[in-house]
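Those sequence lines, one after another, are chains A, B and C.
The numbering of the first sequence is the numbering used here, which starts it at 1 and goes up by one.
The numbering of the second sequence is the numbering used here, which starts it at 1 and goes up by one.
The numbering of the third sequence is the numbering used here, which starts it at 1 and goes up by one.
I should point out that these hints are in silico values taken from the structure, not numbers from a laboratory.
Hints may be right or wrong, so weigh each one.
[What the hints assert, rightly or not] Think about it this way: if two alpha-carbon atoms lie no more than 35 Å apart in a straight line, the pair counts; the simulated DSBU-like pairs of lysine-lysine are:
no.: 1; chain 1: A; residue 1: Lys386; chain 2: B; residue 2: Lys112
no.: 2; chain 1: B; residue 1: Lys55; chain 2: A; residue 2: Lys95
no.: 3; chain 1: B; residue 1: Lys72; chain 2: B; residue 2: Lys30
no.: 4; chain 1: A; residue 1: Lys318; chain 2: C; residue 2: Lys162
no.: 5; chain 1: A; residue 1: Lys167; chain 2: A; residue 2: Lys117
no.: 6; chain 1: A; residue 1: Lys288; chain 2: B; residue 2: Lys213
no.: 7; chain 1: A; residue 1: Lys294; chain 2: B; residue 2: Lys213
no.: 8; chain 1: B; residue 1: Lys112; chain 2: A; residue 2: Lys331
no.: 9; chain 1: B; residue 1: Lys230; chain 2: A; residue 2: Lys331
no.: 10; chain 1: B; residue 1: Lys213; chain 2: A; residue 2: Lys318
no.: 11; chain 1: A; residue 1: Lys386; chain 2: B; residue 2: Lys55
no.: 12; chain 1: A; residue 1: Lys423; chain 2: A; residue 2: Lys318
no.: 13; chain 1: A; residue 1: Lys323; chain 2: B; residue 2: Lys65
no.: 14; chain 1: B; residue 1: Lys230; chain 2: A; residue 2: Lys318
no.: 15; chain 1: C; residue 1: Lys29; chain 2: B; residue 2: Lys55
no.: 16; chain 1: B; residue 1: Lys111; chain 2: C; residue 2: Lys162
no.: 17; chain 1: A; residue 1: Lys386; chain 2: B; residue 2: Lys200
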Amino acid sequence: MFNDLILTLQDANTQWVLFGTILLGVASGVLGSFALLRKQSLIGDAMAHAALPGICLAFLLYGTKSIGWFLVGAALSGLLATYFIQVIINHSRIKEDTAIGLVLSVFFGFGIVLLTKIAQSENGNQSGLDDFIFGQAASLVGNDVRVISGVAVVLLIVTWLLFKELKLFTFDRQFAQGIGLPTGLLNGLLMALIVSAVVIGLQAVGVILMAAMLITPAISARYWTDRLDRMVIVAGTIGALSGMLGTLLSSMANRLPTGPVIVLSATVIFLISLIFAPNRGLVSKGLKLYRIRKIVARETVLQTMYDLSEEASITNKKLLFSKEELLTRRKMAVRKLDSNLKRLEKEGYVQRKEDLWYLTESGGYEAHEIVLNNRLFEIYTMYEMKFASLQFATNDVWDYKHIGSSTLHELEQLMAVHERTPKLEPKYFGEGETLRKKKSSQRAEKRKKEVKSL
Amino acid sequence: MNPIQVSNLTVAYDRKPVLQEVTFQMPEGKLIGVVGPNGAGKSTLIKAILGLVPKASGSVEIYGKSYRTQRKLVGYVPQRGSVDWDFPTNALDVVLMGRYGHVGWFRRPGKKDTAIAMQALDKVGMKEYADRQISQLSGGQQQRVFLARALAQDATVYFMDEPFVGVDAATEKAIISLLNELKAQGKTVLVVHHDLQTVKEYFDWTLLLNKQKIALGPTEEVFTVENLQKTYGGRLAFLDSQVSPSYVVQP
Amino acid sequence: MSYGTWIMLTGSLVGVSCGIIGCFLILRKMAMLADAISHTVLLGIVLAYLVSHSLEGIYMLVGAGIIGLLTAFLVQVLHSSGVQSDAAIGVVFTSLFAFGVILLSAFAGKVHLDVNHALMGEITFIPWNTLTIGGMDLGPSAVWMLGTVLIINLILIFLFYKEIKISSFDPAMATAIGIPVMFIHYLLMSMVSITTVASFDSVGAILVVAMLIVPGATAYLLTDKLLAMLIISAVIGVISAIGGYYAALVWNISISGSMASIAGLIFAATFILSPRYGLLSKLLARKSLITE
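Construct the complete structure from the given sequences, taking the supplied hints into account.
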């Protein structure tokens, strides 16, 4: 296996191809990031399909296979297709996805027509135009690779020079226009860059799968970072990796076509990102969800106990509750309730009197904290505009102790206005008795003390 | 039995609560306005009742049973912007869709259904437009088509999501008279509404909502400066300019 | 029947089947999902062959149906896990298609399918590949397969017409009155899959997309009634097929490519000339508004 690899790497032709596919991967990963963020992923697909008639026309006009003219033809027809898509969307009731599919399929169909025409002509056999449909990386020769690499390098340099402008334009077109950037020009430039990336990929990957080179590395990179500059670098790296893996694997397993293997390599990297990426990956999300669910379930039980106690104290009922009462107040799986009650019992927060449950004094404190925190969050969500300086997406990270005292005070006042202030002092919990009894017994004790002191 | 009974309803998107423990019951035969600031969860309330968004907890009952079994008792007017009006169909056809719930699988709406649909169109003053392609209708006319569709549902409880948004004066009038007619027939209508100026004029009952229920009751009792401050809170400046206290407080 | 008639009949059947289904795809804004499915059925066909060792219609239909549904399902899963829907479509279809191509070349010796054929179809061979039962020649098997699929589609659309209609127009309302919107979605996606696979032998996987999208989009610019849109779309499908065949005869070019091109020309003409929604009538209307 390893020997195979060394042998493969020693082959001069493979080195060329490897160099080409890696650079291609970088360029398409970088530009794909912009396409993805502009929600134009499938436009790349349309451009790739639409390139076919351009290539054929270039061949018909020029007469022989010339990578340079192919690129020009492909780029022109790719841009024309993009323009048609825009015209159709802007001037009719047809929506974007239909416009893309329509232009893509008609251009491709026309390309097939031209292809059959060329195949009948005398020099048709040596044209090798069929390669453009699926790509034929293995047949790349030195000259092709030079052109591909040259274009890729130019694309990367242009992107690097204009990164700031392109970033702003991608993020907020109107703002970019507002500060005086020539957005029309930038749009055209970005389209031209994407078309060029598509076009240089056609020979290696082919028109059908070229979309993957733009989309898959970019979407994979999205899992690893939230910042565009890093995303572009990660996407470029993933593109390069896919190009390298695909080329090596396919040249070692002789029969496999390079383009699809590159695409599948990218897919595998995507799957790895989807599953294992920190924060955004499924595993990390799943673990986080599991943790949160556990915390939420425990909090929910305590909060429900507190709410019920609060209600019971008003009607002067005993602060003892059956599981059914807990369940009707807040729906929950019975087994989950059981396990949480058991856990809370161990922690000393709840106790059982036959079939009825009550909060202990320490449980009262704990529940009071939770209820206070949740109700403050609730008030915050109601007045989000007012407290815009606090940026909390979800209540997982909300903790009222981390909020400035003046803001907290305001929140507390609003909470009082809405009668959501937790009314039950934790010290009244403990025996599952009614509040009055408790109070009176406390009063009795107080009196005893007073009597004693007398 | 109450037409609408909502208990401890909580809805959350991505763990961020949109509705918090909302509990209320609606009396029968009333026009109820649901009022609150943007993002208060008004539309979400309707969608949660109709099972269009998942509930985090709580329950909803229509005449004492789950919505699932009571679908035929319920009519729904979604926001006008929620559909693509370029869809190739005419006004009558859209209204006929209100009959689909009654027609059942594999059957077509029949003559009787068409008659009901025409009647519904007539009631909203759109009879002449029955054959008109829906994209050729004005915003107000589209809204009336949606109302007619709900009428064709022949329901007992109606939920309407912002029917007064962006409509002309004629449509507004048509909607009001329709609401009153429904009320006269003893039907219950819950309307999400955002124009504070007209609440007292339009609705018998008002539900003030901002993530949680602030107040519910007869409009003259509930629609007070104090309650509105509680509902709109930080956006009081807006409130002052919109509703003068003398307008809100009962003499 | 003559050779040419069989080819035109085959093309027309493709046009009608695709044209009708395509209307719903356009109205539901799912044209690109259909594009994705039309690519991934290749994998379904290869897998069906590797499992059953036969190229018989029924296995192909089942294999393509399963992979088609899988495509729709994977796109849904990725989308709900936070990937924007167009990127989800792009990732899924290219992956499955690439996998199909790799399988095809890995088992190249065993599978009598070549990729170019799969893509571009070979409608010229259709009339010779006939169905014979009990020694009786019943005509090209592709015609039988396409006919069957068309009938299945028509029956399903007839049965679920109002459910498909309301869930396309107003999914929220459909859900509220108890229509299983997801079931309708997957029903349509299965119809797309089996239609694609039945058409694929004749026009090829990629050009099925042209037949699915172009006639429907053209009809969308011509009428305001759903039923009329379905019929017009089917008719345009047939015209494209027949026109494409003659054009291919005259210029001696790929039949399927020429069908797609003719469909494109019809669309372009409609886009400019349509009485109500055409570019020209819009311009005229604007002009008359200005002169008033």
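How the hints compare with the structure:
1. A:Lys386 x B:Lys112: Violated: Lys386 (chain A) and Lys112 (chain B) sit about 54 Å apart, past 35 Å.
2. B:Lys55 x A:Lys95: 33 Å, holds
3. B:Lys72 x B:Lys30: 19 Å, holds
4. A:Lys318 x C:Lys162: 57 Å, violated
5. A:Lys167 x A:Lys117: 43 Å, violated
6. A:Lys288 x B:Lys213: This hinted pair holds, its Cα atoms lying about 31 Å apart.
7. A:Lys294 x B:Lys213: 28 Å, holds
8. B:Lys112 x A:Lys331: 44 Å, violated
9. B:Lys230 x A:Lys331: 29 Å, holds
10. B:Lys213 x A:Lys318: Holds: Lys213 (chain B) and Lys318 (chain A) sit about 27 Å apart, inside 35 Å.
11. A:Lys386 x B:Lys55: This hinted pair holds, its Cα atoms lying about 27 Å apart.
12. A:Lys423 x A:Lys318: 16 Å, holds
13. A:Lys323 x B:Lys65: Holds: Lys323 (chain A) and Lys65 (chain B) sit about 24 Å apart, inside 35 Å.
14. B:Lys230 x A:Lys318: 32 Å, holds
15. C:Lys29 x B:Lys55: 28 Å, holds
16. B:Lys111 x C:Lys162: 16 Å, holds
17. A:Lys386 x B:Lys200: 27 Å, holds
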